[in-house]
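Colleague: Position 250 of the sequence shown, counting from 1, maps to 248 under my numbering, and the rest follow consecutively.
Since the hints were made in silico from the structure, they are not lab data. Fair warning: this is a prediction, and the values are worked out from it, not measured in the lab. You may find that some hints are simply not true.
As a list, the in silico DSS-like pairs of lysine-lysine whose alpha-carbon atoms are at most 30 Å apart [unchecked claim]:
no., residue 1, residue 2
1, K134, K234
2, K135, K188
3, K93, K188
4, K234, K93
5, K134, K93
6, K135, K93
7, K36, K134
8, K66, K37
9, K135, K36
10, K66, K188
11, K164, K188
Cβ-Cβ distance ranges computed for the label pairs, FRET-style [what the hints assert, rightly or not]:
no., residue 1, residue 2, range
12, D90, P219, 24 to 30 Å
13, S87, K237, 48 to 54 Å
14, R42, M98, 26 to 32 Å
15, D90, H137, 15 to 21 Å
16, Q183, D34, 46 to 52 Å
17, P265, E11, 33 to 39 Å
18, P241, L270, 16 to 22 Å
No residue lacks a Cβ here, since even glycine has one placed at the ideal position from N, Cα and C.
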Amino acid sequence: MAWTRKDLLSMRELDAGEITLLVDTAASLQEIASRDIKKVPALRGKTVVNLFYESSTRTRTSFEIAGKWLSADVINFSASGSSTSKGESFIDTAKNIAAMSPDVVVVRHSSAGAADLLAHEHPTQALLDLLTIREKKGHFEGLHVAIVGDIAHSRVARSDIHGMRKLGMTVTVAGPPTLIPPFVQELGAKVSYRLEDAIGDVDVIMVLRLQQERMTTGLIPSLREYSRYWGLTLDKLAKHARPDVLIMHPGPVNRGIELAPEVADGPYSVILDQVARGVAVRMGVLLLLAGRKGADAA
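Go ahead and model the full structure; you've got the sequences and the hints to work with.
Modeller: Below you can see the structure in the form of structure tokens.
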């Protein structure tokens, strides 16, 4: 199928065919990372603006690398060093950048739904999660995923639930009641309030970071208490999880809180695989939004 959308704001609006096209395109571009010269002319003459209003390491860096590997001219915009610091609004900044005729604008903003941006989602993270799962498990249909932790403040959780459910996967979300929003069941996810129950018979465990910067007080008793009941350790995995389970995390990891270091770095973990696939996914998104097909362009 052909990609016909001019933007990618959320996984919710995509159908299974579009999600598969995005994943397939990213998969076809992964081999660029193994080349001696990591450069293809696919987006030569195109301009990509990375408009980041929120701190980010993996997402911003991988979008920048993706654009440069595709030979695009990449402009990185940081709110702290722009007219935003002088009071210019998000809308005015966006209009001014649009007036400069960039081909693609990548935006990350701390406010959910800013100019309909992201729809309180993180679609490219969900796509790299899906690519990692398919390469490790070989398929989507019938897999069971547990998403554990701070569901209420996670854009990743929303995007993953939408994408995974559309591709035939069962999703269980788990965390303290204060961190589980009511809408997740409307998205088709199951809910568990015990870590041991949630991870009992799943193929993938996606662990989320506690986003304390977005929290109001009183949602959890303490970090120590949260870690005791919801931190994933090797002992809990050995007792309750399948031996072939995948451990994933969108990053950054709070070691010793949601994940024990030996789990983050251990044999179950595919966290660095997720990071590695991030560049390919963002290359695929840039190519499709700019009107090119991945396999042909590379």
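Colleague: State for each hint whether it applies.
Modeller: Hint check results:
For the given pair, K134 sits about 22 Å from K234 by alpha-carbon distance, which is consistent with the 30 Å threshold. Under the criterion of a C-alpha separation no larger than 30 Å, the hint pairing K135 with K188 is consistent with the structure, at around 22 Å. Of the supplied pair hints, the one linking K93 and K188 is violated, its CA atoms being roughly 41 Å apart against a limit of 30 Å. A distance of roughly 51 Å separates the Cα atoms of K234 and K93; the hinted pair therefore is violated under the 30 Å criterion.
Restraint check: the Cα-Cα separation between K134 and K93 comes to about 42 Å, which exceeds 30 Å; the hinted pair is violated. A distance of roughly 43 Å separates the Cα atoms of K135 and K93; the hinted pair therefore is violated under the 30 Å criterion. This hinted pair checks out: K36 and K134 have alpha carbons roughly 25 Å apart, not beyond 30 Å. Of the supplied pair hints, the one linking K66 and K37 holds, its CA atoms being roughly 7 Å apart against a limit of 30 Å.
Pair hint K135 plus K36 holds up; C-alpha atoms about 28 Å apart against a cutoff of 30 Å. A C-alpha spacing of about 41 Å is found between K66 and K188, which places the hinted pair above 30 Å, so the restraint is violated. With a C-alpha separation of about 15 Å, the suggested pair K164 and K188 falls inside the 30 Å cut-off, and the hint holds. For D90 and P219, the hinted distance range of 24 to 30 Å is not satisfied, since their beta carbons lie about 43 Å from each other.
A hinted range of 48 to 54 Å for the beta carbons of S87 and K237 is consistent with their spacing of about 52 Å. A hinted range of 26 to 32 Å for the beta carbons of R42 and M98 is inconsistent with their spacing of about 19 Å. The beta-carbon spacing between D90 and H137, approximately 47 Å, falls outside the hinted interval of 15 to 21 Å. Distance hint check for Q183 and D34: the Cβ-Cβ separation is about 50 Å, which falls inside the suggested range of 46 to 52 Å.
Between P265 and E11 the C-beta distance comes to about 37 Å, which sits within the given range of 33 to 39 Å. For P241 paired with L270, a C-beta distance near 20 Å keeps the hint of 16 to 22 Å intact.
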